[in-house]
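Visitor: Generate the whole structure from the sequences, applying the supplied hints.
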Amino acid sequence: MRHLLSTSDLTYTQAIRILDTAQEMARISEGPVKKLPTLRGRTIVNLFFEDSTRTRISFEAAAKRLSADVINFSAKGSSASKGESLKDTAQTLQAMGADAVILRHSASGAAQRLANSHWTSGSVINAGDGTHEHPTQALLDAFTIRQHLRVGTGDLRGLTIAIVGDILHSRVARSDVHLLSLLGAQVILVAPPTLLPIGTSTWPVQMSYDFDSVLPLVDAVMMLRVQQERMSDFFFPTAREYSHYYGLNADRLKKMKPTAIIMHPGPMNRGLEITAECADSARSVILEQVTNGVSVRMAVLYLLLAGAPNEDGEITK
Amino acid sequence: MTDYLLDGGVLPDGKAVQVLIKDGLISQIESVVSTLATTNLQKISINGCIVLPGFVDLHTHLREPGREDSETVESGSRAAAKGGFTAVSAMANTFPVADTAGVVEQVYALGQATGLCDVFPIGAVTQGIGGTALAELGAMADSKARVRIFSDDGNCVFDPMVMRRALEYVKKFNGVIAQHAQDPHLTKDAQMNEGLISSKLGLKGWPSVAEESIIARDVLLADHVQSRLHVCHVTSSGGVDIIRWAKARGIQVSAEVTPHHLLLTDDLAESYDPIYKVNPPLRTQRDVMALREGLADGTIDIVATDHAPHPAENKECEWQAASFGMLGLETALSIVQATMIDTSMMSWSDLAVRMSTAPARIGGYADHGQGLKIGSTAHLTIVNPTRAWKVDRDLVSSRSRNTPYHGMEFPGSVVATFYRGIPTVLDAKLVSAAHGN
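Heads up: the sequence lines are chains P and Y, in that order.
Counting in the working numbering, the first sequence runs from 1 upward without gaps.
Counting in the working numbering, the second sequence runs from 1001 upward without gaps.
Treat each hint with caution, since some may be false.
Footprint (simulated), chain P over chain Y, 3 or more residues, beta carbon under 8 Å [stated by the list, open to error]: (1) 1193-1200; (2) 1230-1239; (3) 1267-1274.
Covered stretches of chain P, as calculated for chain Y (at least 3 residues, CB under 8 Å) [stated by the list, open to error]: (4) 31-37; (5) 131-142; (6) 195-206.
Per label pair, the in silico range of CB-to-CB distance [stated by the list, open to error]: (7) P:Pro-193 to Y:Asp-1189: 17 to 25 Å; (8) Y:Pro-1096 to P:Asn-249: 56 to 64 Å; (9) P:Thr-92 to Y:His-1224: 54 to 62 Å; (10) Y:Ala-1113 to P:Gln-228: 27 to 35 Å; (11) Y:His-1406 to P:Ala-95: 25 to 33 Å.
These aren't lab readings, by the way, just hints derived from the structure by calculation.
Please read all numbers here as calculations on a predicted model, not as lab measurements.
Glycine is no exception: its CB is placed at the ideal position from the N, C-alpha and C atoms.
Guide: Right, here's the structure in full:
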């Protein structure tokens, strides 16, 4: 594995290996010395063409815990409007000797474009490309689900997971669909018809327009952020109507299995797709997702840059 | 003036002939030409090659004035000649827009000065292709460029009242409105065909219905005001069905398909390589088959290239940041042969109609599209259907290199082009002496 561009590129074995490695990383992060020397002397660039403080910090923490040198490059705005192209930026970073580029970009496919170009020779990690994919988010989602519902090992067979909300524009949803179904979970997409992409009937998922009928079935519910600008594009009539049908609130919480967990990739619109009492309830694992993000990203950086674990699957210190 | 005897040619119907070009005209077409009463005769052997009337393109972006970094009338004319074209129609979306007599006369004059093919300017329908106020269509029609085709291509004439008035107004000089059928509201920020692939790739969709709904509206408007409509670059099976219906009703509508929509499909976007980004977008295999059938049965009248040069930096970037468009002139014949002739859907005679006779008729280019008629101007394209070649973007005659066919092999090639009886291409190479006659 040289790049991480899409969860659809992962095999079952690779996915499990990343999760198992993340488990090791989590164990280390809980210890007194949180740092590994593995990537000492390696340079990792956080190339963020789009604002995302939490994802950038998570990657930065992951890289630093592996002792890599981290360069943060924030080029907000599109390449067209700023006059600096992805190509020029990548070539500049290449000239500075980047071993890996973590790319966040508003254009779908930007990471794949970078990986397939001759603009950089380093590994490319997709940290979110437009409305396409966000593979490390899906990995941390799978990791979190596995921690809670599968005692931290194996896959997700037998679990039913609902992804609720703006599937159409969600890179998290696309990555989650591939990965969670690869790991054996049954995914149900729940959204109004306007927010489901054309052709989801060919995806390895079930679909529903009716959140309430799905609630009793699920082991985990993943609430997606609803962007305010969707309202002006007629995806739904009003925020109130959206919340009424697709928001997670206390009444809906009661319809879920007692063991079912609440997830959200953040940042949340409290009161729109999720009420405060749900977000802050004991069933919510939203903050754990953030914590697990660091472990999963450590695992990804480790496996891409330091090679595979040894025969015993142990991490070399 | 040199006269030419083409020896060993084959007519589209398969008949072996010699063709005599004398004083720039087709003088004789016989199994053996009888009298050679000419002093300055050059004999050219074209063993087994097919003799076709010179190709006419109704949809070419030559970029001049304004974007001479990507193409000029001269470089575009070279690419046209190389592709077997003896006339091209320069689209109006230049900088400044070709919406006045001055600009269209300038483009026309540049074409004549280059002298590799006729360059017939297309005039904008609306001022600045802005879609709100009609451009001076009459002045462009009466200018030296004698404009008959009007198009806001790149933009759709979306306002139905503006479209109605334009269709009505051009009846005065037997003009035609060439519509880029794209509902702008249904295609805001659209990147590629809306379907399974766009959903997977997270690229904003450009649904076929955004094209089909405009075609449907426009054929009804053309019917109502009894005027002529030409539908640019049809891409979808639904679009073909609507045009077929309109023709059956007797509506004066013609339509074009591009070579790339006859060959390529939207799954190529999975590479995220914007070399495949084009407007209207590549669609599905089902659409490709419907377009081929439409072209074969005459529902789609012509092939037009939509040759759209772009500089490297507009394609060496993320898909969303890239420009729409691909080169088309130099590969058109080869693609039509591969998709229509070699699949037995069309004959060489059909190809002569779709690429010469019919486009010349729609554009009112009287000197072109006469077929292989004795006494007509010798615009000829000679094709070797078995001379396979591989496309190399570094060897194109266009000033830009944005061909999606780089590395692809095609079965046949244009080996010679005669424009007004003078060879612009011989042995599949441009003839430098033909330049600037």
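Visitor: Which hints, by number, does the structure contradict?
Guide: 2, 4, 10
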